[in-house]
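Asks: Following the hints, position chain B against chain A.
2 protein chains.
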Amino acid sequence: MIPGPTNVPARIINAMQKPMISHRSAEYHELHRSITEGARYAFQTKGDIFALTCSGTGGVECAVSNVISPGDRVIIPVNGVFSQRFEENIERFGGVPVEVPIEWGKAATPDQIKEAVKQEKNVKAIAVVYNETSTGATMRGLDEVGRIAEERGLLFMVDAISILCGDYLPVDSWKVDICIAGSQKCLACPPGVALISVSGKAWEAIGKDRRGSYYFDLLKARESHAKDETPFTPSIPVFYALDEALKMLREEGLENRIKRHKVCAEAFYNALQEMELQVLPDKQFRSNTVIAINIPRGIEDKAWRDLMREKYGVMVAGGMGKLKGSIIRIGSMGVVSRVEVTATIKALGKSLTDLGQKVNLKAGLAAVEKVFTSSS
Amino acid sequence: MIPGPTNVPARIINAMQKPMISHRSAEYHELHRSITEGARYAFQTKGDIFALTCSGTGGVECAVSNVISPGDRVIIPVNGVFSQRFEENIERFGGVPVEVPIEWGKAATPDQIKEAVKQEKNVKAIAVVYNETSTGATMRGLDEVGRIAEERGLLFMVDAISILCGDYLPVDSWKVDICIAGSQKCLACPPGVALISVSGKAWEAIGKDRRGSYYFDLLKARESHAKDETPFTPSIPVFYALDEALKMLREEGLENRIKRHKVCAEAFYNALQEMELQVLPDKQFRSNTVIAINIPRGIEDKAWRDLMREKYGVMVAGGMGKLKGSIIRIGSMGVVSRVEVTATIKALGKSLTDLGQKVNLKAGLAAVEKVFTSSS
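Respectively, the protein sequence lines represent chains A and B. Under the numbering used here, the first residue of the first sequence is numbered 1, with each subsequent residue one higher. Under the numbering used here, the first residue of the second sequence is numbered 1001, with each subsequent residue one higher.
FYI, nobody ran anything at the bench for these hints, they're computed from the structure. This list has only true hints and no planted wrong ones.
Straight-line C-alpha distance at most 30 angstroms; calculated BS3-like pairs for lysine-lysine: (1) B/1106 with B/1324; (2) B/1018 with A/346; (3) B/1220 with A/324; (4) A/322 with A/114; (5) A/302 with B/1220; (6) B/1227 with A/302; (7) A/302 with A/283; (8) B/1121 with B/1175; (9) A/18 with B/1350; (10) A/311 with B/1227; (11) A/227 with A/247; (12) B/1370 with B/1311; (13) A/227 with B/1311; (14) B/1247 with A/18; (15) A/362 with A/262; (16) B/1362 with B/1311; (17) B/1302 with A/227; (18) B/1018 with A/350; (19) B/1046 with B/1227; (20) B/1227 with A/322; (21) B/1322 with A/220; (22) B/1324 with A/220; (23) A/350 with A/322; (24) B/1106 with A/220; (25) A/220 with B/1302; (26) A/227 with B/1324; (27) A/227 with A/175; (28) B/1322 with B/1311; (29) B/1018 with A/18; (30) B/1346 with B/1283; (31) A/118 with A/106; (32) B/1124 with A/220; (33) A/201 with A/114; (34) B/1018 with B/1227; (35) A/346 with A/283; (36) B/1322 with A/227.
Just chain A, same shape as in the assembly (with noise of 0.2 angstroms):
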């Protein structure tokens, strides 16, 4: 129950069975028809969409090294390790992040954004993490930030790689030029993977400066993609999986699979209060997918969390950057139901308990059967 790498149904692991392809023959173009086509889906976006072999922090790399050039101010509230993480790739191809500093469990607002874009001259993007997987808290109102980015003809990066497909987020509709997402989060496939979607807009700001990434450029990724081909050598075994995981999702459907991140976050927050354990965001900001709670006073970290994985069996995160040892963090994502839930839930209660806290495990456990039964 960590963040990602998630779990991996037995479907998707034995989809990387099947026997090595090579990936300029019609095998491998049937294969890269149906990702895209799968992906597409997951992005709802009737745009371009590349598969990359490569980490989540690999996709955003490839945003920015394509459309951000020396001298380019991007917009970017940064509230946690990835979106620090965005800001640094940002300086590394030489652009100038514009930072809105929010405190760590919170999120940016749209009209923190709108001032934003108002107080600064000569912006070219605006860039955002959707879920701040360091924190547990997501950014509301990304369809209005689409918006301000659309009528000020800024580009609107995001960085879903930790809630596609965990929580709304149309492409398309919400005018978002550039999004990445990862294998191992929502999709519940192995990591090795990321996704990014193009606009028409965003191949308007690529290709003027041929300098960065050449294993990430996006003109040999469309111009391959003409063919039903990457540039480079794919992870064909991360390749069939992601196809799979893909034909699962349009078998659950995109909206169930949504609504199921959300009811599962609900079971653990409704959870939580009843055990009086502290969630670390504000409930505006609470993610559906990254469950992040305070660690009690009087409990240590390691011993908590290696309490609950050895004597429970079940694995969560501790902090990342400067909440380690402040929070433990709850991956939520991919193959996660009432079941999960309910044994996560469980190890959290007994393993405090058997640390001296006083948890009312019960009302914590009613109130997940309660969010079951009301949702089904």
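Replies: The following block gives chain B in isolation, referenced to the frame of chain A:
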């Protein structure tokens, strides 16, 4: 029988069936250490080595973006598509390639490198593609080039993607500062991971300029490596597979692995001579892993390869770049033995007969048998 991705043994495919693990867990740390140890054996190095989630081209980008600063001059022989790529990669990060132009199908000699080094001032590095996959030409005398680089204080960068473990490349004793290999070639692992070695001398050149790739930042990789981790999420299934592939390499022994590739290549070349089929490179440049054959007059590239694949079950690759349509390429790497060589020679001979060519297949097969009999 294409020059990668190669066929993958069941043992390696099965290794990908293991459950997903957190890349920040003790289980991963063990996997990380095991891969590092195996890779050090494959590269014959005591230096640092990293597994990167990307294709071989990503590995080249990692090398370039970490050591090449704007204005740095790099001597690079260019004799095919992959050395062109290396050159383009250098340009992307502001480097200035000093091209040693070589006819496609040939490879540079150490004397040509020595001459280039003499004529150029302010050179930072020598970059070579050990085995030019697009032409089947292997550069000889890399040990001598390593000595030249050492004497002059230049960095020696080697793209060994399609040949590492298929021919000699003892990284430390040949004074290679940065060496790149791919998972999907002589290691018979699925694609998705590149390996890169970094010498002490290379580290001295790294870190002075923090522009360039964030995803491929070797300082970040080294920092995480100290904790047996990668800075970003690794492709767990391909890491599992690579670990198994490296175990199989140690079981077979590096010397035996190289000998097996050498013997198979010899069988191919001798058979082709008997069958009066022309090999593109001259004898001294012929590769142990990629056999490039000039397409006989009157034979059409695609029709020939389709026939081999559909009627005789053997897939070979076409030419790349300016050699498209004029050569075919056989990948003799990874899972390759008497069985594969015999099947491929049969498919070549029979398909050419079908297409109306006169071919002495019997003599070809006898040549194959002779090589394997005398080598065993």
